[in-house]
Amino acid sequence: MPSKIDINTVPAVAVSELTHSFKGHQALNQVSFAVMPQTLHGFVGPNGAGKTTTLKAICTLLKPNWGEVQVFGHSVRADPKEVRRRIGFMPDHFSMYRQMTVFEYLDFFAAAYGLDISQRNQVIDDVLTLTDMDGRRNDLISGLSRGMQQRVSLARVLVHDPDLLLLDEPASGLDPRARIELMEILRELRRMGKTIFISSHILSELAELCDSVTIIDRGQVRFSGPMEALLDADDEVPRYRLVLSQVPEDTVGRLEAIDGIEEVTEPEYSNGRELDLTLAAGADSNTVLAAVIGLGIPIESYSQQRKQLNQAFMDLTTRGVRT
Amino acid sequence: MITATRTLFSWSLRADAKSVYPHIVRAGFSGLILVIMLLGFWDAARMSAPGLEFFHWICHLNILLIAVAGISYFVTAVTEEKDSGTLALLRLAGVSPLAIMLSKSTGRLISALMLLLIQLPFTFLAITLGGVTWQQILGSYFALAAWLCLVANAALFCSVRCSSSGRAASLATALTLGFAASGPILANTAGLRNVAWITPEVVNACKYLHGLQQDMSIWVRIETVLSTTGNVTLTAPQFWRCIMVGGGLFLLSNILFNRYSAPANPSGHGRTAGIRRLTVGRCWRLPITWKDFLFFMGGRSFLLVKCCGYLVLVSGFVWFHRANAPESRLWLSDDLLENSFYIAAGIMTIEMLLYASHSLFQEARQSTIATLRMLPISTSAMLLQKVAAVMVGLIPSFITLIVLFCWRPQVFLANDDFAEMVAAWGFFVFLSTHLTVLLSLYTRWAALPLAILISLPTFLCVGSACVALMNLTKTAAATHNISNAQWIGVGVNFVWMWVFVLLPMELEIINRWNRLSRR
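Protein chains in written order, with my numbering: chain A, 1 to 323; chain B, 1001 to 1519.
Since the hints were derived computationally from the structure, they do not count as laboratory data.
Just to be clear, a hint being listed does not mean it is correct.
[Unchecked claim] One side only, chain A facing chain B, incomplete, derived with CB under 7 Å:
#1 K56
#2 H93
#3 R241
#4 L244
[Unchecked claim] Computed beta-carbon distance windows for the label pairs:
#5 N310(A) to R1515(B): 32 to 40 Å
#6 S1019(B) to E184(A): 43 to 51 Å
#7 A1015(B) to N65(A): 48 to 56 Å
#8 Q122(A) to D1334(B): 46 to 54 Å
#9 I180(A) to L1113(B): 51 to 59 Å
#10 A1093(B) to E68(A): 44 to 52 Å
#11 N121(A) to L1113(B): 53 to 61 Å
#12 E184(A) to Y1260(B): 38 to 46 Å
#13 R1006(B) to D276(A): 54 to 62 Å
Since the model is a prediction, treat every value here as computed from it, not as a measurement.
Using N, Cα and C, we set each Cβ at its ideal position, and we do this for glycine too.
Produce the complete structure using the sequences and hints provided.
Structure, rendered in structure tokens:
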């Protein structure tokens, strides 16, 4: 009898030294990371970094040359059936039977997962409500917009109630509204206790959404861990953004003269009233603020500048197209 | 416009020239001709005209391949763009219907004509075998080229007129069968004497139409050319009529292009929920079977159409027999019973091949292989469910064959070769459907003609082994006083065929399917 695994203690996904090559081209090189249960994990990297290859290895479609992948403690090599039962994979391209209606499409997949008719009715109602597609159940898939087709894909992934969702570029090609609505659904799914592993290029939304992130480049993991750790990494020297209501003459020089401020720079795309202050190591931000106020410069706001995900992404990944 | 048309046309020709597959097919065909020729040399000692026999073979093979290419390769020229929703994009880009047809259809026609051209030097070797002249060879190739032109443009018309590849293939198949059947139907109808409505005017009309059909028929023309001993006219009426009708169909397609360029409307089962509950219903216990049957094979409505078609076919034969021999106490004479059985078997074979070429190919085209592989159903179980869907689609054919056989089984069993015929047919069908399925995972649209092309020499090569094994089984059975030796032979042949021929192909199909799911 298979041992019962507590999904809260075992990582939802544990990838260890995953290595794979296609015809001499090293797609993945010793990739290792873990995704904790009931979290939303972002998986980012430039084109050709190995994101889709990793996803396919996790969802049992690809047998890697080397390394181990476990989903809730089940090896994808040794126990692919159990892994498939626990995951829902949404590929990066639309793969739908366009001649079916939404209901027929979901009914087909629910039946393929072995649900009987009464279970299917309940499950289809639930997933359609969750994805807000209730009113479109009898519409042909071919007649739906891209955003709605993406929702149907998501509903399809949910019919067998998987613990882990693997979503490959779910927001690509969607308009801003459809993208925001999709992100809302993902948040709701996380609240429901699902683990979501999402590969995406839309970094700003990932930063808002994800608990943890893995950055991959040229087949190697550059960072893997909580989002906070990524954004705080290399941030020993705190930076503060000062927004002024007006900029008196020689403001930069006067600010640089304050003890505790190391450098004053004007940010890129500034409107002329914004300045970035780099504090000296060990300097107290409140003391610095008091000194700035003491200069009589009219201040609108003063806030710590956190590193953005796209900045971290750019720092960690290599410029140019992979050859 | 002329520049765009020329650019697209030359691009399609260049793409054909650069692609390795067409060259492999042409080389394969040349190889096949050499094999048939070697067989001709083998038989030269005991034949009066081995060259003629060999060339006959080649012509029949070409006719078969042109027919198969018509219903599978040419017919998708425009519908493949409709299926993928890219036709509107081409039209938006300002590409004219003429440019699309020239690049998509005429390019394929030229590629197929190259296949005829490549054979010419090899077939001239038939002259050395004796029994055939260079004029006969050239005359036959002119006739085949004109026929190819007609078939390609008729298929283009179907492709323009229909909204999806499946419907276009069905229409092209119906036209092909209709043309082939019209000859005997018209001739026999004109010969009926005891039917009130067949007046002299009807007889004359039937005779006239029969004459037209015979003038365009490639079979008639090839038989005429190969039985002519003197000079052969290279451009006979058949040549000009086929070219003219082909050209007319091309023009008609051009005129109708815009009217029928709407993308495929997949509402074949009705749009309203009430109608779809009847035509589609809930998913079965075998979900893949349900999906394939309803959405790849036409579903219940097409099943009903096929039932009616077979009913009409059998009723037609019964009516003809009653009209021709009113004094007969039988509903159907032995000859007509056999004919209707073999025609139904032929139609079923075409159905099977078309389903085989579509079943897995549709999944690859819709990029659904990875999604299906994620289901908790093994690949082999999934493929078996697909076979089950084909079986459901073939129910009308099976019922027709069983009814016809059970009507008077002695008519068929009296034929000593019936078991061998069934075995040969089964072997060919299994081989060609397996090959078609396999090739449909490699090529875009030419899987069916390629499969037929490969099946024929394979069938020839292993056929002798089949016959030898059958004889061995019969002898062994006779030694041990076992009856039904023929059927035991059929069983033995099927077992070894499955183990050594079909099983490796099935494993490769599974491998290829799994590889495609990783893309």
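Handout entry: Satisfaction of the hinted span 46 to 54 Å by the C-beta atoms belonging to Q122(A) and D1334(B)
Key = 60 Å, violated
Practice task
Check the following: the C-beta atoms of R1006(B) and D276(A) are separated by a distance inside 54 to 62 Å.
Solution key: Given about 59 Å between the Cβ atoms, the range holds.
Exercise for the section: Just tell me: holds or violated, for the beta carbon distance of N121(A) and L1113(B) against 53 to 61 Å? Expected result: This hint holds: roughly 57 Å between Cβ atoms.
Practice task
Hint says 43 to 51 Å; check whether the CB-CB distance for S1019(B) and E184(A) agrees.
Solution key: For E184(A) against S1019(B), whose Cβ atoms are near 47 Å apart, the range 43 to 51 Å holds.
Problem - I180(A) versus L1113(B) beta-carbon gap, inside 51 to 59 Å or not - result: 56 Å, holds
Handout entry: Interface hint outcome for K56(A) [beta carbon to chain B under 7 Å]
Key = 6 Å, holds
Practice task
Closer than 7 Å between Cβ atoms is the bar; does L244(A) clear it against chain B? Give me holds or violated.
Solution key: Cβ of L244(A) sits 52 Å from chain B, so the hint is violated.
Practice task
Kindly confirm whether 48 to 56 Å is satisfied by the beta carbon distance between A1015(B) and N65(A).
Solution key: 35 Å, violated
Exercise for the section: Could you see if the CB distance from A1093(B) to E68(A) stays within 44 to 52 Å? Expected result: 49 Å, holds
Problem - Hint check, R241(A) versus chain B [nearest Cβ-Cβ separation less than 7 Å] - result: 46 Å, violated
Handout entry: Hint check for Y1260(B) and E184(A) - Cβ pair distance inside 38 to 46 Å
Key = The hint (38 to 46 Å, Cβ to Cβ) holds, given that E184(A) and Y1260(B) are roughly 42 Å apart.
Exercise for the section: Given the range 32 to 40 Å, decide if the beta-carbon distance of N310(A) to R1515(B) lies inside it. Expected result: 36 Å, holds
In summary, the structure is inconsistent with hints 3, 4, 7 and 8 from the numbered list given earlier, while agreeing with the others.
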